[in-house]
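Work out the full structure: start from the sequences and follow the hints.
So the chains spell out like this:
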Amino acid sequence: MDVFDSLVYDSSVTQAGLPVGCPLGPWPESAYVRLDELPSAPNVLADSILSPAEREFWASMRGVEKRRREWLLGRCAAKEAVRSLFERVLDQHLLPGEIEIVPDAFGRPLVSVSSIQAASVKERLLPSLSIAHSQGTAVALAVLNPEARVGVDLESLDHPREDFGAIAFSPDERSLLNSLPPDLRQEWALRMWCAKEAVGKALGRGLSAGLLAFHITRIVTASGLIEVELRDGALEQGPQWRGKPLNVYTARESNFVFSAIIYQQGVVRMKPSRQEILDYLLHKMGELAQDWDYPDPVGPESLLFTELGFESLGAVVLCTAIQEHYQTPMPFAELLAEIGQQQRDLSINELTDFVDTHLGGAAGAEATRRVQ
Amino acid sequence: MPRMTESEVFDKFAQIVAKSLRMDGPKIAPETHLTDLGAESLDLIEITMETETQFHIFLPDKSILETAVEVFGPGILENDGYLTAEGKRFLLRRLPQADARAFEGEVAVKDLQSYFLKVSTWVKMIQDLAQYTPAQCESCDGPMVPSMGFRMKCAQCGREITLRSGEELNREWVREYYDREYRSQAETSVSATAIQ
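Sequences listed follow chains A and B, in order. Count the first sequence with my numbering and you get residues 53 to 424, in order. Count the second sequence with my numbering and you get residues 4 to 199, in order.
Think of the hints as simulated: they come from the structure by calculation, not from any bench. Everything numeric in this text was worked out from a predicted model, so none of it was measured. The C-beta atom is built at its ideal place from N, Cα and C for all residues, glycine as well. Just to be clear, a hint being listed does not mean it is correct.
Claimed, not checked - Subject to a maximum C-alpha distance of 20 Å in a straight line, what follows is the list of computed SDA-like cross-link-like pairs (lysine to any residue):
#: 1; chain 1: A; residue 1: K118; chain 2: B; residue 2: I50
#: 2; chain 1: A; residue 1: K118; chain 2: B; residue 2: M26
#: 3; chain 1: B; residue 1: K127; chain 2: B; residue 2: I50
#: 4; chain 1: B; residue 1: K22; chain 2: A; residue 2: E214
#: 5; chain 1: B; residue 1: K113; chain 2: A; residue 2: S112
#: 6; chain 1: B; residue 1: K91; chain 2: A; residue 2: F158
#: 7; chain 1: B; residue 1: K30; chain 2: B; residue 2: K156
#: 8; chain 1: A; residue 1: K118; chain 2: B; residue 2: P29
#: 9; chain 1: B; residue 1: K15; chain 2: B; residue 2: T35
#: 10; chain 1: B; residue 1: K22; chain 2: A; residue 2: L209
#: 11; chain 1: B; residue 1: K113; chain 2: A; residue 2: P155
#: 12; chain 1: A; residue 1: K118; chain 2: B; residue 2: T38
#: 13; chain 1: A; residue 1: K336; chain 2: A; residue 2: F384
#: 14; chain 1: B; residue 1: K113; chain 2: A; residue 2: R213
#: 15; chain 1: B; residue 1: K22; chain 2: A; residue 2: Q187
#: 16; chain 1: B; residue 1: K113; chain 2: A; residue 2: Q289
#: 17; chain 1: B; residue 1: K113; chain 2: A; residue 2: E214
#: 18; chain 1: B; residue 1: K113; chain 2: A; residue 2: A111
#: 19; chain 1: B; residue 1: K91; chain 2: B; residue 2: G108
#: 20; chain 1: B; residue 1: K156; chain 2: B; residue 2: E55
#: 21; chain 1: A; residue 1: K118; chain 2: B; residue 2: L47
#: 22; chain 1: B; residue 1: K113; chain 2: B; residue 2: Y85
#: 23; chain 1: B; residue 1: K30; chain 2: A; residue 2: G115
#: 24; chain 1: B; residue 1: K15; chain 2: A; residue 2: E214
#: 25; chain 1: A; residue 1: K118; chain 2: A; residue 2: D88
#: 26; chain 1: B; residue 1: K113; chain 2: A; residue 2: G285
#: 27; chain 1: B; residue 1: K30; chain 2: A; residue 2: E117
#: 28; chain 1: B; residue 1: K127; chain 2: B; residue 2: A21
#: 29; chain 1: B; residue 1: K22; chain 2: A; residue 2: R213
Claimed, not checked - Facing chain B, a subset of chain A residues (Cβ under 7 Å, in silico):
#: 30; residue: P155
#: 31; residue: G217
#: 32; residue: I219
#: 33; residue: A220
#: 34; residue: P223
#: 35; residue: L263
#: 36; residue: H267
What the hints assert, rightly or not - Chain B regions said to be covered by chain A (calculated; three or more residues, Cβ under 8 Å):
#: 37; segment: 59-67
#: 38; segment: 107-115
#: 39; segment: 120-126
Structure representation (structure tokens):
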């Protein structure tokens, strides 16, 4: 019997991957679930999906109904994420009650599955998880890798806020925000907040090190990327991030903004150099251009369409490949439209600059290096 | 500021919380936890800002334990997320109003949230910090009024002062405690061991 299936699989479940603009990155073994309402009455649901320890916590929970409902909503989303991950990746069918989520000493949710007994399997298979809820909506992101660190957050745009930037952001961060057009600022202030929260959750201790210890150094409105640099107490929690910003993806979906980050402990993805990008592009173009019979040597100045014989379809394939390779969405549609409008060509050099600009420290799996 | 009583601070703080969470003030008691009222992270930021504005104080941006761990170094007050005996001793000293029984047995860092989010803890913190906000000008005894940022200005002579930050005051307290109660004791036990 799968009570959970019938309870949760309704229109309120989104399983189409992360919100628009948040790529799964090199993490195919991940699941993201968003829930906007409880699939049934809270007490019925609690009885059917919670483990005994979770049920005890639920019964002891004080406070307003909103708090209890959202906690339960978060548990539903989390269990659904873990359940679907096991089903999809391992073809293993779990009941929601078998999946237990208990916080560690710092409050980070830890997953255990009661039906998996063997310690070796457990070590290899337990997912890393992050849960967030706000204003009646919950999201959960699970990755089937105990070494992964994940963080998600969300905030509602419908909930009017005083200008929290004075406290949450440093003067540098505020000027970053003020460099945006005025109509984008409210949304991006929330995205920046969510980015800090997501990093805090991934590190496992929330924003306990202080809001300014999570310092935003760069925002890319085209892709939703936000770079967060750790300082002071936060850097002590994640010393491998010294001098390397963390990439958080943010997106807006209906009236919520979301943030997500996934990384592997001890592994830091480095931004590739411009030369590395150029080498990759030349290599990839060689692969894609079937009839590479261009007589002159191909170099940075070679033109994509008139000289190298790319057609618009080929260009689209190339752009897709680049985004997949670097696991980063880039506004190629705008670039190609602009070129079409101006009726001009694109050199490999220009394309390299474009990719370099939009990577902003985000690089693909091939650029992954193990930190000593 | 004329010195406010605990119940005056409580009433004013309860109003701030009620307004921010769009709820009734009477539901708030000293023992109430802000998260039990449904406060989310950004609500706490909003409450912090409003508290600073209304009480003319500068609240710390992290808990006293975080600041203390930065001063003491890792592993002394807290180990793998659990308070050590030294950590419990520190917190009980710093938070005399805390219930000692709550610090018996294993105490995880996450459990302290319930303490730091309690209304009475905020009221105590506000009272402590308000001491550092002068009501009268040091030079001319004129009334002090809020100025830009975390500054106060004398309405009479224009003399400006910067408010002490809660974080800075916490750090000073921790350093003093460290020198007086921890380091001297640690040295004593080291020399005692040497004698043996």
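Checklist entry - Does S112(A) lie within 20 Å of K113(B) when you go C-alpha to C-alpha? => result holds (16 Å)
Item to check | 8 Å C-beta test of the segment 107-115 of chain B against chain A, three or more residues | outcome: Coverage by chain A holds for the segment 107-115 of chain B (3 residues, Cβ < 8 Å).
Checklist entry - Holds or violated: K113(B) with Q289(A), Cα cutoff 20 Å? => result This hinted pair holds, its Cα atoms lying about 16 Å apart.
Item to check | Restraint check for K15(B) with T35(B), where alpha carbons must lie at most 20 Å apart | outcome: It holds: about 15 Å lies between the C-alpha atoms, which stays within 20 Å.
Item to check | Interface restraint verdict for P223(A) against chain B (beta-carbon cut-off 7 Å) | outcome: violated (11 Å)
Checklist entry - Hint check: is the beta carbon of I219(A) less than 7 Å from a beta carbon of chain B? => result holds (5 Å)
Checklist entry - Can the segment 59-67 of chain B be counted as covered by chain A under the rule of three residues or more with Cβ-Cβ separation shorter than 8 Å? => result n = 3 at 8 Å, threshold three: holds.
Item to check | 20 Å Cα cutoff - pair K127(B), A21(B) | outcome: holds (18 Å)
Checklist entry - Quick one, are K118(A) and D88(A) close enough, alpha carbons at most 20 Å? => result holds (13 Å)
Next on the checklist: Holds or violated: K156(B) and E55(B), Cα atoms, limit 20 Å.
Outcome noted: Roughly 16 Å separates the two Cα atoms, so the pair holds.
Next on the checklist: Hint check: K113(B) vs A111(A), CA-CA at most 20 Å. Holds or violated?
Outcome noted: holds (19 Å)
Next on the checklist: Does E214(A) sit within 20 Å of K113(B), going by the straight-line distance between their CA atoms?
Outcome noted: Violated - the C-alpha atoms of E214(A) and K113(B) are around 28 Å apart, more than 20 Å.
Hint compliance for this structure: hints 7, 14, 17, 31, 34, 36 and 39 are not met, and every other hint is.
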